[in-house]
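S.K.: Sequence:
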Amino acid sequence: YLLTAKKKGENIQNIDEFLLSINNAAQYAIKNFYRPEINLFHSTTSIHESALEEGFSCWTNFAYLKAFYLVSKVNSELDTPDIIPDRILVFKSAFKHNLFGIMVSNHRFLRRIDQKGNYDFKPDFTLLSPFYFGFGKETKDYVDNSVSFLERQLWDPELGMIQRYLPFSGDIEIHTHSGNGPWLQYTAILAQYHYWCKNIKRGDELIGLIDNYKNENGEIPEHISTCKRFNGFMESEWKTGIDFDKEFDKHILQDNLDFDKILEEANNMHRSYKEVAEKCMIPVDTMEEGGYILFVTPLMWSHVEYMKALLYKHGLYSNDNSHQSS
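Once you know that position 17 of the sequence shown is 26 in the working numbering, the rest is easy, because the numbers rise by one and skip nothing.
Be a bit skeptical, because a hint or two may be false.
What the hints assert, rightly or not - No more than 25 Å apart at the CA atoms, straight line, and that leaves these computed lysine-lysine pairs for DSS-like:
(1) K16 / K149
(2) K82 / K17
(3) K125 / K82
(4) K259 / K125
(5) K248 / K283
(6) K283 / K223
(7) K146 / K317
(8) K283 / K82
(9) K149 / K210
(10) K82 / K16
(11) K317 / K15
(12) K210 / K237
Said to hold, decoys possible - Ranges between beta-carbon positions, derived for each pair:
(13) R96 / E244: 50 to 60 Å
(14) T53 / K248: 27 to 37 Å
(15) L320 / N265: 41 to 51 Å
Hints in this document: simulated from the structure, not taken from any laboratory. Backbone N, C-alpha and C fix where the C-beta goes; we use that ideal spot for every residue, glycine too.
Based on the provided sequences and hints, a complete structural model is requested.
M.R.: Encoded structure:
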């Protein structure tokens, strides 16, 4: 907000309150979540909302790096040395240097380093984190290798597009709500990468696949699955309570969370699955698994990433923090 207002020449009311909040947030994050002896930020969960990412994940740490780049940008453009101290800016530079060296193995990025120090080499959409947060130019060789790996490993053979991770549903940390399948916002981000690399044909192929799964109103879902997978999920995970146990794993819930909140979300899940069964199953006789389902339609995030992909295609979006953040 501050950088956009500055660029548009708009007056920012109570700017010192914004700056103080930014400084407090940065200081709190470093004090409570940064492990200086490891040079990484720790989290119990992240974008996938499960313990799958507990430890030091690629997504979490590049999200922090992006945030500290924005803090630095605010400092330089709004001239805030009295509120945002130099040590925050020094930290950003050191953290970046360490992150680019630590979160890499075999010439590609890692999904995470777990809390015991084990390297997690599994394929995951989050290997695109460096690109997504604007560090594609600085890490291009590693990003290229990571994309080649995840696109090959996560491609859905029945539906096309990429899954968020491999669906080993016997693992308590692996969620497959309504049945696993490709996630359209992540596929749109993959299209962004290909457009950025001038692989226009591949980008168009991915966008075309997304277009195939829009509903009658042109709306894009969160993810899709096959009818067979959805029915299997309902029988093996939802009706048995396994999906509930995964979603509300006490290990990653906030301490002393009111059970009413859990019950409310469980009811939301039940309502969503019921809606899929009643309204969102699309039978296709030519598909081996009976057709497909749309889950969470429309999802704003899917539409945003789709739009960004088109901006990348036409050279209207930059994967460069020196420009993108302003």
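S.K.: Determine for every hint whether it applies to the structure shown.
M.R.: Checked hints:
At roughly 29 Å between alpha-carbon atoms, K16 and K149 are farther apart than 25 Å, so this suggested pair is violated. A hinted pair counts as satisfied when its Cα atoms are at most 25 Å apart, and K82 with K17 qualifies at roughly 15 Å. For the given pair, K125 sits about 35 Å from K82 by alpha-carbon distance, which is inconsistent with the 25 Å threshold. Only pairs whose Cα atoms come within 25 Å are accepted, and K259 paired with K125 is accepted, the gap being roughly 20 Å.
Our distance criterion of 25 Å between C-alpha atoms is met by K248 and K283, whose separation comes to about 12 Å. At roughly 20 Å between alpha-carbon atoms, K283 and K223 fall within 25 Å of each other, so this suggested pair holds. A hinted pair counts as satisfied when its Cα atoms are at most 25 Å apart, and K146 with K317 qualifies at roughly 18 Å. As the CA atoms of K283 and K82 are separated by approximately 46 Å, the hinted pair breaks the 25 Å bound.
Straight-line distance between C-alpha atoms of K149 and K210 comes to about 20 Å, which keeps the hinted pair within the 25 Å bound. Restraint check for K82 and K16: the C-alpha separation of about 12 Å stays at or below 25 Å, so the hint holds. Annotation: proposed proximity of K317 to K15 holds, straight-line Cα distance about 23 Å (limit 25 Å). With a C-alpha separation of about 32 Å, the suggested pair K210 and K237 falls outside the 25 Å cut-off, and the hint is violated.
At about 55 Å, the beta-carbon gap between R96 and E244 stays in the expected band of 50 to 60 Å. For T53 and K248, the Cβ-Cβ distance of about 28 Å falls inside the hinted range of 27 to 37 Å, so the restraint holds. The beta-carbon spacing between L320 and N265, approximately 44 Å, falls within the hinted interval of 41 to 51 Å.
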